[in-house]
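Asks: Order-wise, the sequence lines are chains A and B. Just add 1097 to the spot in the first sequence (first one is 1) and you have the working numbering. Just add 1097 to the spot in the second sequence (first one is 1) and you have the working numbering.
Hints are computed from structural coordinates only; laboratory data are not their basis. Incorrect hints may appear among the rest.
Same chains, same names: a pair is fine if it fits in one copy or spans any two.
Unchecked claim - Only pairs whose alpha carbons sit at most 16 Å apart, straight line, appear in this in silico EDC-like list of lysine to aspartate or glutamate:
id, residue 1, residue 2
1, Lys1162, Asp1192
2, Lys1159, Glu1226
3, Lys1162, Asp1140
4, Lys1159, Glu1198
5, Lys1159, Asp1192
6, Lys1162, Glu1233
7, Lys1235, Glu1137
8, Lys1235, Asp1140
9, Lys1159, Asp1171
10, Lys1235, Asp1175
11, Lys1162, Glu1198
12, Lys1235, Asp1192
13, Lys1235, Asp1163
14, Lys1159, Glu1169
15, Lys1162, Glu1124
Here the structure is a predicted model, which is why all the values come from computation and not from measurement.
Residues per chain are reported as follows:
Protein chains: 2
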Amino acid sequence: MQKHPDLTSSVHDAGGRMTRQRRVVLEALASVTSHPTAAELYDLVRQRLPGISPGTVYRNLKVLKDLGYVQELDFGADASRFDANVASHYHVRCDCCARVEDIPMQPTVGIEDAQPALTGWQITGHRVEFHGLCPECKAQQAQSHQQEGE
Amino acid sequence: MQKHPDLTSSVHDAGGRMTRQRRVVLEALASVTSHPTAAELYDLVRQRLPGISPGTVYRNLKVLKDLGYVQELDFGADASRFDANVASHYHVRCDCCARVEDIPMQPTVGIEDAQPALTGWQITGHRVEFHGLCPECKAQQAQSHQQEGE
DNA sequence: CTATGTGCAAAGATTTTGCCCATAT
DNA sequence: ATATGGGCAAAATCTTTGCACATAG
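Whenever a hint applies, use it, and build me the whole structure from the sequences.
Replies: Encoded structure:
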């Protein structure tokens, strides 16, 4: 499921240089579906490039985002999360543990019809995020409620 | 358009104490439609309570949010924005100036139908945000493009 | 009176940036 | 060679928190 057939030259074409650090950041992000924070991604990347610095990860995430290779998800969490899947898709976030997952549904196409209500705005996209309790947190909460006798 | 007929007693009922600071924070937020950041709200509140501290504003925003009197909008901006309109509604954010406005449309009710795709999750809500260029930034951008001859 | 809130300032957390060296072209 | 990127550490932001005092109920 390769979204960008030739990452190296594509990114290079866009004006950047595909350094090893940049490639590893992108590959690490593309290799997981967990929507990691920058810090989590830093840990992942360090498994391959032990000497990389956090600043480099942040810098490259910003570059890759500007080039459209990565999207940033900062709905309601302390730290931004990142996603190498830039295709239009929606997310669910757990109110309890802040985990973010993809929603296996087609984007609601008709929603772009809201545009007429936005006089004067030039709309380039929209984001949808559901939130609630993930299966794990739901189970934990059920347990603790039981203990409380509530 | 008063959403909470008796703010003081309601908040008190929920366990908090309606201090002057808390009331002014809530009233200031309710008096604007600009979805201010905590810092902007702090400036607003200081017009009435010059001695208030930023920490108090943050603390009370969190309390009021937990009590359901305020919602926090942290879509893609550096700082969270706050909204005293807790009714379900959508927002537009300007990619250029970060301004946030309400969208004058009814929430897309059918969207909650995505729930079946979320096996094991207990969904409690969803958020929709459009983004693009606000009228002002669109005009500015058109001007600068003209100057560049591009 | 007593629990809760406030002011202040310090600490946390996340992210950005300046500086100088490294590296790709 | 030269421009772009990396490592490091400091700084910038935004937000939270500990503590002593104030205040609502």
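Asks: Which of the numbered hints above does this structure break?
Replies: Violated hints: 2, 3, 4, 6, 7, 8, 10, 11 and 13; rest satisfied.
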